[in-house]
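Take the sequences, apply the hints, and build the full model.
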Amino acid sequence: MNRAHEEIDPIRLGILWDRLVSICDEIVEGLVRTSFSSIVREGYDVSVVLFDRDARMFAQGTRSIPVFIGTAPTMIRNMLSKFPPDSLKPGDILITNDPIHGTGHLFDISVLRPVFRGEERVGYSMTITHLPDIGGMGFSASATESFHEGIFIPVCRLYDGGELNTFILDLLRANVRTPEQVIGDVMANVGANELGGRQLLDFMAEYGVDDLRPVSEAVRRQSEAAVRSALREIPDAIYRNRLDFEGPSGPLELAVAIDKQDDGLVIDFSGSSPCVSTGINVPLCYSRAMALYAIKCATAPTIPNNEGAALPIQVTAPENCILNALRPFPSAGRHVVGHFVPPLVNGALAEVLSDRVQADSGMADILTFHGRHPDGSPMATLYFLSGGFGAMTELDGRSATPGPSNMAVVPVELWESRTGITIVEKRLVPDSGGAGEQRGGLGQIAVLRNDTGYPLKVFSMANRWQFPARGLMGGGSGSLRRHLLNDNPIPATGMQVLAPGDRLTIVEAGGGGMGDPRRRSRESVHRDVALGFVTEEQAREVYGLDKPLASRGS
Amino acid sequence: MTGIRIGIDIGGTFTDLAMVGDGLTGFVLHKELTTPDDPARAVLDGLAVLLANETRSIAEVTQIVHGTTLVTNAVIERKGAVTGMLVTKGFSDTLDIGLEHRYDLYDLRIGFAEPLVERHARVEIDERMRHDGGVETRLDPQAAVMAVRKLIAEAGIEALAICFLHSYKNPAHERAARDAIAVAFPNLPVSLSSDVFPYMREYERWTTTTVNAYAQPKLDRYLSRLEEGLAAMGFAGRFDLMSSSGGIVTPDFARRYPVRMLESGPAAGVLMAAHHAERAEAATVLAFDLGGTTAKGAFVQDGAPLKSYEFETARSYNHRRGSGLPLRMPVVEMTEIGSGGGSLAHIDPRGLLAMGPRSAGADPGPASYGRGGTGATLTDANLLLGILDPGFFLGGAMALDEQKAAGAVAAHVADPLGFSLSRAAFGMHDVINEDIARAFRIHAAERGIDFRRATMVASGGGGPIHGTAVARKLGIPKVILPLGAGAMSALGLLVAPFSLETARSHPVALADLDADSFARIMTDMMEEARGELSRAGVPAASVRLTGALDMRFQGQGYEIECPLPDLADLGMVFAGLRQRFLAAYRAIFGNIVLDEPIELISWKVAGTGPKPPLDLSHAMPPGGAAVKGHRPCWLPEAGDYVSTPVYDRYAVQPGAVIAGPALVEERESTAFLRRGDRAMLDNAGNLVVAIDTAREARGDEAVAAGGRT
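Protein chains in written order, with my numbering: chain A, 1 to 554; chain B, 1 to 709.
These are computed hints drawn from the structure, not numbers from a lab. Honestly, I wouldn't trust all of these hints.
Footprint (simulated), chain B over chain A, 3 or more residues, beta carbon under 8 Å [said to hold, decoys possible]: (1) 24 to 30; (2) 218 to 228; (3) 389 to 402; (4) 489 to 496; (5) 521 to 532.
Cβ coordinates follow ideal geometry from the N, Cα and C atoms, glycine included.
Structure follows, in structure tokens:
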């Protein structure tokens with residue numbers, strides 16, 4: 001009854017495949033709901049991945065942020081090189097937060113469970129989540145070497161044949177700021193993998209699958225073929241782009257050369273600036289994930305993530321350039337630089353995929369606040385604020401929308417109740433969207449007032465305060481990001497202390513525009529002016545509106 | 001209850017009327033074509049026809065219960081009132097900023113619903129409440145009046161939403177503004193965010209309030225026309241409406257809270273499923289409805305539909321969650337996916353067969369309708385498989401064209417994949433079953449429900465065709481196919497009790513709460529629920545009060561709803577809160593014990609009146625020959641067409657047993673019984689099917705694969 005070498009037809013494969021992805025999605029939802037880490041809840045900084053018995057990755061949850069694309073296969077091989085598959089037994093659970101083989105910083109813990117049917121190992125389930133804390137200097141870019149950034153747990157058995165290694169939990173507990181929450185999240189991952197294993201076995205029984213490998217192989221093969229066929233439509237050439245961004249002591253540069261041959265791509269980041277001594281360096285695993293994300297959006301967005309989909313695309317960068325950082329370069333804030341990879345890749349492909357790519361987005365602020373609640377208890381929390389989304393052909397960028405990663409609005413009422421920090425105002429900024437035939441999304445302004453009664457530290461790793469979100473195909477740039485303390489400009493990166501009553505103003509960057517603004521439909525320009533998204537002045541000077549405007553509302 | 005009761009549900013195509021009461025055996029149904037330009041016309045005309053058909057008089061009618069899509073349609077079609085908004089200074093863009101979240105990270109072109117209030121019709125008011133309910137900036141009510149004057153003059157507003165920050169905690173400013181505006185503009189409908197639904201999270205609360213305001217003038221005019229029309233016919237009984245949460249309310253309540261009338265039809269359908277399940281003594285029920293464009297699923301436990309306080313309306317992008325307007329209000333919880341009779345088959349970018357979410361809709365509809373549709377739809381597949389009879393669709397009211405169906409399935413599925421026509425058609429049928437089963441599994445997992453012991457009640461045109469197969473995939477052992485499955489909502493209106501839910505945001509750490517404060521807040525909410533029901537004429541003694549708290553470990557971002565025990569002794573309830581939460585947490589997330597402090601976030605109290613009796617026994621008139629013929633039907637277990645008996649649903653005798661494979665036809669739908677299924681007709685005319693759950697998807701697939709060319 002072994003179906004191992006039987007061809008799986010396209011109807012059965014679709015059914016099996018969708019079900020496997022749905023198992024991952026279901027477990028992700030459970031993890032998100034139990035998580036203490038706000039970045040997991042609001043941003044889906046969490047992933048669930050399934051492998052066959054040869055450790056080939058064939059299914060992953062769909063809602064996770066792009067950081068997890070293509071990283072799990074590297075991680076499992078890293079884990080299994082220390083604990084070979086044949087040494088694993090039922091009830092084993094391996095963990096590590098290795099940033100180089102994982103997702104680029106110590107906050108993300110990978111938890112792996114071999115799945116056994118009786119004594120037979122049939123596959124693996126892995127979950128990865130961003131922990132609430134990992135010790136060190138907290139979620140900031142202020143470290144100068146990786147050792148400052150928290151505790152590194154090498155690959156180890158958290159459970160050995162079902163028995164918990166309490167030493168590892170004790171070690172974590174002793175090294176982090178919020179031990180109960182960190183342990184709570186680690187154990188939620190353990191539970192999620194238990195569920196993952198159970199679901200995988202149920203799946204096999206339910207659909208009469210004795211061996212996952214043929215399904216896994218078919219899934220990977222179809223994915224690879226779909227990506228290759230999409231790539232074949234791009235003319236063979238080398239596509240280049242470069243961009244500047246704000247470094248800790250002066251501008252830095254990213255460069256890319258995309259060598260497209262037949263149905264494959266080699267993405268090379270040579271020419272990018274070298275690593276720096278603040279925690280914004282990007283391990284290659286993260287650069288690769290961001291590059292794969294950009295290519296996926298522009299070519300085959302609906303192909304589920306798995307090992308096959310990533311095969312046609314190679315990503316390289318010289319060692320210790322800022323997109324291939326090795327320890328001990330610090331990397332806690334690797335997303336600060338890594339988030340520039342999608343616009344870098346997009347810009348390179350704009351001339352051949354102009355209807356598929358997006359102008360640069362304004363990106364987002366993630367601010368860390370350390371201080372006290374009004375009742376004196378300690379407080380450590382994150383505040384998100386999104387800039388404008390980049391425009392695409394025939395689609396204005398949405399205002400206040402995160403990209404390339406994801407997050408969720410922090411409701412004013414929730415934030416004020418939870419922190420005692422008042423949000424005095426939060427509104428869109430007129431004229432902040434890059435002008436274009438399609439306008440970039442507007443940035444927004446938020447004014448926060450420290451009403452906690454205690455000094456409040458705020459850590460920021462912001463960008464786009466010097467280099468705006470660029471437009472494409474003649475579209476204009478979005479406005480710049482600005483931070484102000486009591487109305488005086490302050491650096492958008494680093495640490496500030498807000499005294500009680502101080503006001504921090506955060507102005508989010510606008511998204512880039514697409515195409516020549518003078519070709520924007522006059523009706524759209526009129527509507528933008530009527531709604532107050534564009535001022536009459538910008539309408540005249542940038543959009544070339546000459547007719548007088550009918551007055552309408554405010 | 002004496003006299004006649006009538007349920008009237010307006011759907012997209014038909015307005016369904018269901019009548020029960022004195023002198024009637026079971027129920028009587030009537031379908032009238034919906035009149036979109038003035039929905040009241042179909043209601044009144046249908047009522048006259050129904051009464052005339054049965055030679056009954058309007059004077060005998062003691063109650064009419066009405067479910068309407070008027071509010072839903074107003075929001076989807078953007079045909080509500082020009083609405084203005086007064087909002088706390090600094091926050092007029094909250095509706096545009098939205099959730100700052102992308103619901104799909106890979107599709108950069110995802111769409112979002114536009115706010116109902118245009119940006120130039122929002123005016124900021126200089127006032128501010130603090131999160132603790134204290135006043136930071138005092139409101140000048142006259143400033144609110146001046147703002148409204150300007151909105152009426154310049155934006156021409158016909159309705160107003162007043163949305164101030166932290167009004168769930170202290171509604172004084174919203175109320176003061178309303179009172180001043182009522183003096184100056186007595187005819188302007190005004191909705192307060194603290195009144196519509198006093199929940200924390202300004203974006204969702206304000207969006208809910210704008211929907212309320214937006215629909216208010218339209219619903220008021222509609223109800224007035226209906227009331228006048230009924231009065232003119234001589235109707236002197238009660239006239240009530242169904243709400244989104246599955247309880248009935250007075251027209252006065254509906255006029256105040258139109259947003260709570262959203263999706264009241266589907267809610268009524270779930271109530272009817274619950275009613276059937278209660279007769280069958282099923283503890284957990286999955287109500288499954290498959291229509292032309294979407295499939296819906298809802299769980300019912302111990303007779304009560306699961307409630308939710310989150311709902312999204314007017315999805316603007318492929319039925320995707322996240323593309324609509326997110327609302328906060330009590331609703332019967334449902335999951336909805338874009339799988340229906342009109343779902344179009346296509347080969348997805350992976351090279352695999354996929355169904356939907358694009359739909360051929362009702363116009364042009366499936367290829368077999370012969371109205372110009374060329375896409376291959378689920379209905380076309382079911383026709384080719386022999387499940388549907390080309391001459392008995394909608395009881396023969398519409399002929400189906402098999403040639404056109406075959407052409408479409410060949411062009412879009414069979415030829416590209418290299419399959420036989422029948423294998424392709426069965427693939428389409430089976431992919432839909434899988435898609436639906438998967439959606440229900442996820443829904444069950446989110447709510448921690450074990451559906452393997454559930455009973456399914458299947459309705460809608462496609463429910464009886466796909467119900468048994470979906471149940472088998474889910475391991476559900478029993479499926480009820482009710483008589484009148486095509487008018488479930490109209491019937492459901494007749495089993496709905498009066499009910500009212502109240503809810504409040506009041507976040508507090510369990511450690512900071514004492515028994516007295518707990519009892520004070522709960523008592524206040526219980527009084528509110530009792531008061532509203534007593535205004536609807538429900539005697540206080542017959543009101544059943546239930547409570548629930550949304551709780552979580554401090555630091556988590558999601559709450560779980562913990563139902564409370566009997567509210568008679570609030571001291572006992574308070575003492576058991578911690579244990580209640582831990583038990584509910586474990587039930588969903590497994591045996592994880594955390595030492596974190598617990599907090600209460602939202603408080604909910606529901607008051608429910610007695611459920612009206614509805615006796616469906618002996619609803620079936622005795623009929624003639626049960627088997628009306630045989631036709632070839634493609635069965636996966638045979639991998640071929642097999643001559644399959646076709647039963648006339650109206651002729652099957654109560655107690656008769658039908659063994660699958662078999663088809664059981666009624667006017668609006670066909671039940672498809674697979675091998676191993678055994679159906680028995682109960683005395684209400686319902687087919688109760690025992691599913692052979694040992695035969696799983698593997699059985700289908702293993703044999704079906706043999707049909708490949």
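Hint-by-hint comparison with the structure:
no.: 1; hint: 24 to 30; in the structure: holds (count 4)
no.: 2; hint: 218 to 228; in the structure: holds (count 4)
no.: 3; hint: 389 to 402; in the structure: holds (count 7)
no.: 4; hint: 489 to 496; in the structure: violated (count 0)
no.: 5; hint: 521 to 532; in the structure: holds (count 3)
Of the numbered hints given earlier, the model fails hint 4 alone.
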